[in-house]
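S.K.: All chains, please: the whole structure from these sequences, using the hints.
The opening position of the sequence shown corresponds to residue 1 in this note's numbering, with each subsequent residue numbered one higher.
Hint data in this document are derived by calculation from the structure and do not stem from the laboratory.
Think of the CB as a built atom: it goes at the ideal place given N, C-alpha and C, for glycine as much as any other residue.
Watch out, some of these pointers could steer you wrong.
If you anchor each label on the Cβ, the simulated ranges turn out as follows [as the list claims (entries may be wrong)]:
id : residue 1 : residue 2 : range
1  : 30        : 66        : 40 to 48 Å
2  : 7         : 54        : 34 to 42 Å
3  : 76        : 8         : 18 to 26 Å
4  : 4         : 68        : 29 to 37 Å
5  : 52        : 19        : 15 to 23 Å
6  : 13        : 81        : 15 to 23 Å
7  : 17        : 61        : 16 to 24 Å
8  : 81        : 60        : 15 to 23 Å
9  : 82        : 57        : 22 to 30 Å
10 : 10        : 91        : 45 to 53 Å
11 : 30        : 81        : 36 to 44 Å
12 : 35        : 13        : 21 to 29 Å
13 : 63        : 35        : 26 to 34 Å
14 : 35        : 62        : 38 to 46 Å
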Amino acid sequence: MSEQSWTIESIRDALGNPALAQRFLGEINRAPAHELLGVFARWERIAKDTLAAVERGREIAAADARGEQPAGQWTDATDRVLADADRIRARGAA
Numbered sequence: 001m002s003e004q005s006w007t008i009e010s011i012r013d014a015l016g017n018p019a020l021a022q023r024f025l026g027e028i029n030r031a032p033a034h035e036l037l038g039v040f041a042r043w044e045r046i047a048k049d050t051l052a053a054v055e056r057g058r059e060i061a062a063a064d065a066r067g068e069q070p071a072g073q074w075t076d077a078t079d080r081v082l083a084d085a086d087r088i089r090a091r092g093a094a
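M.R.: Structural data, given as structure tokens:
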């Protein structure tokens, strides 16, 4: 998509989620003329980020299917999550 110009249709399609696409269309259709480019630019960034996340997820899934570790640095948050869960339980929640 980076080779082509973004359009309202391409942004809508890139968002993937029908509810999110509907929200985009609603915002772009209700935007006053002087805010239109800003609204478009914000949603263009969201669409690009969405496509990048989907591609990254596919790369991770492919690496996992090959039995490889995904590329990049990963932070193991297991200890922090378990400590948070212990604190929550201690307060009587869940």
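S.K.: Hint by hint, say whether it matches the structure.
M.R.: So, going through the hints one by one against the coordinates:
At about 46 Å, the beta-carbon gap between residue 30 and residue 66 stays in the expected band of 40 to 48 Å. Between residue 7 and residue 54 the beta carbons are some 19 Å apart, a value that contradicts the proposed interval 34 to 42 Å. The beta-carbon spacing between residue 76 and residue 8, approximately 41 Å, falls outside the hinted interval of 18 to 26 Å. In this structure, residue 4 and residue 68 meet the distance hint of 29 to 37 Å, their C-beta atoms being roughly 32 Å apart.
Take residue 52 and residue 19: their Cβ atoms lie about 20 Å apart, and the range 15 to 23 Å holds. Our hint of 15 to 23 Å for residue 13 and residue 81 is violated, since their Cβ atoms are close to 35 Å apart. For the hinted restraint 16 to 24 Å between residue 17 and residue 61, the CB-CB distance of approximately 19 Å keeps it satisfied. In this structure the hint that residue 81 and residue 60 lie 15 to 23 Å apart at CB holds, the actual value being about 19 Å.
The hinted range of 22 to 30 Å is satisfied by residue 82 and residue 57, whose Cβ atoms lie roughly 25 Å apart. At roughly 47 Å, the beta-carbon separation of residue 10 and residue 91 lies within the given 45 to 53 Å, and the hint holds. Remark: the range hint 36 to 44 Å for residue 30 to residue 81 is upheld by a beta-carbon distance near 40 Å. The supplied range of 21 to 29 Å is met by residue 35 and residue 13, whose beta-carbon atoms lie about 23 Å from each other.
Taking 26 to 34 Å as the suggested C-beta distance range, the pair residue 63 and residue 35 does not conform, at roughly 42 Å. Between residue 35 and residue 62 the Cβ separation comes to about 40 Å, which falls inside the hinted range of 38 to 46 Å.
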